[in-house]
Amino acid sequence: MNCDEALEHLYEFLDRELTPELEREVRRHLHACAPCAQEVDFEDTFLKFVQARCRAHGAPPELKRRILRELFGE
Amino acid sequence: MATPTRPADARRESFEREALVHLDVLHRVALRLTGNAADADDLVQETMLKAYRAWDRYEQGTNAKAWLLTILRHAFINEYRRRARRPETVDVETIEPFVVFPAVQEDDPQGAFFDRLVDEQVLRAIDALPEAFRETLVLSDVEGLNYQEIARILEVPVGTVKSRLFRARRLLQARLYDYAVEMGYIQRKAG
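Line by line, the protein sequences give chains A and Z. Just so you know, the first sequence maps onto residues 1 to 74 in this note's numbering. Just so you know, the second sequence maps onto residues 1 to 191 in this note's numbering.
Warning: the hint list may mix true and false statements.
[Unchecked claim] A few chain A residues that face chain Z, going by a derived Cβ cut-off under 8 angstroms, partial list only:
#1 GLU12
#2 LEU18
#3 GLU21
#4 CYS33
#5 CYS36
#6 GLY58
#7 ALA59
#8 LYS64
#9 ILE67
Simulated from the structure, these hints should not be mistaken for lab results. Keep in mind that this is a model prediction, so the values were computed, not measured. From the three backbone atoms N, C-alpha and C, an ideal C-beta is built for every residue, glycine too.
Please put together the full structure from these sequences, using the hints given.
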């Protein structure tokens, strides 16, 4: 597998959506190719960052009370 | 003597256990779809009402989160989309965003500039994505659903999920990179 092929599968690799064979091939390429490994790490950092920033807040407690009232009359 | 459980109690108990626990997920997705807190609250409430009414049709123990998100998305499309957002004017499938990594490879290959951005800039950048990208990105990258689950909820092929996710992530990265350059967290690379 060359760099273009590895990077084409970059997100599917990080999302764990590749077949086991393809995943192994990507992994093998990343072991041998520092620039591609660096790019995959960068994308991985980015995805974790997005999740952390967006999951900081839960639903407001008042909304839950409102829904319980509406559903069960309390 | 113990009071026998009435069917209404059992129904309520299973709804609380399997559906209400996903309130945070529904609220986060609703916020990103509608773009404002008041509409998001209404959309979540309506979703829970619809779900409770249809609760007998839900097959218990299957994917309640995906089932609820499907209800939420239909409610959004039918009742909120028209007034919540400006109409989409771009053909989202043809957007080819700028790739950030080569521009930061020398100065910040680990993406440290992301951490300097404030939450509000990140959320604003997500909210500015075209709707088809935004909903795909939120279901995947915020809520951690897999391609198959997202494809079912959005009623599109898995290949479409993949390509939207690719463009959505690149587009979001490019916007965050622009913010970071504006704020002086990183130097724009010439060329």
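Evaluated hints:
1. GLU12: 7 angstroms, holds
2. LEU18: At 11 angstroms from the nearest chain Z Cβ, LEU18 of chain A fails the 8 angstroms test, so the hint is violated.
3. GLU21: 18 angstroms, violated
4. CYS33: 14 angstroms, violated
5. CYS36: Since the shortest Cβ distance to chain Z is 10 angstroms, the answer is violated.
6. GLY58: 4 angstroms, holds
7. ALA59: 4 angstroms, holds
8. LYS64: Hint on LYS64 of chain A: holds, closest Cβ of chain Z at ~6 angstroms, below 8 angstroms.
9. ILE67: 5 angstroms, holds
Violated hints for the displayed structure, listed by number in ascending order: 2, 3, 4 and 5.
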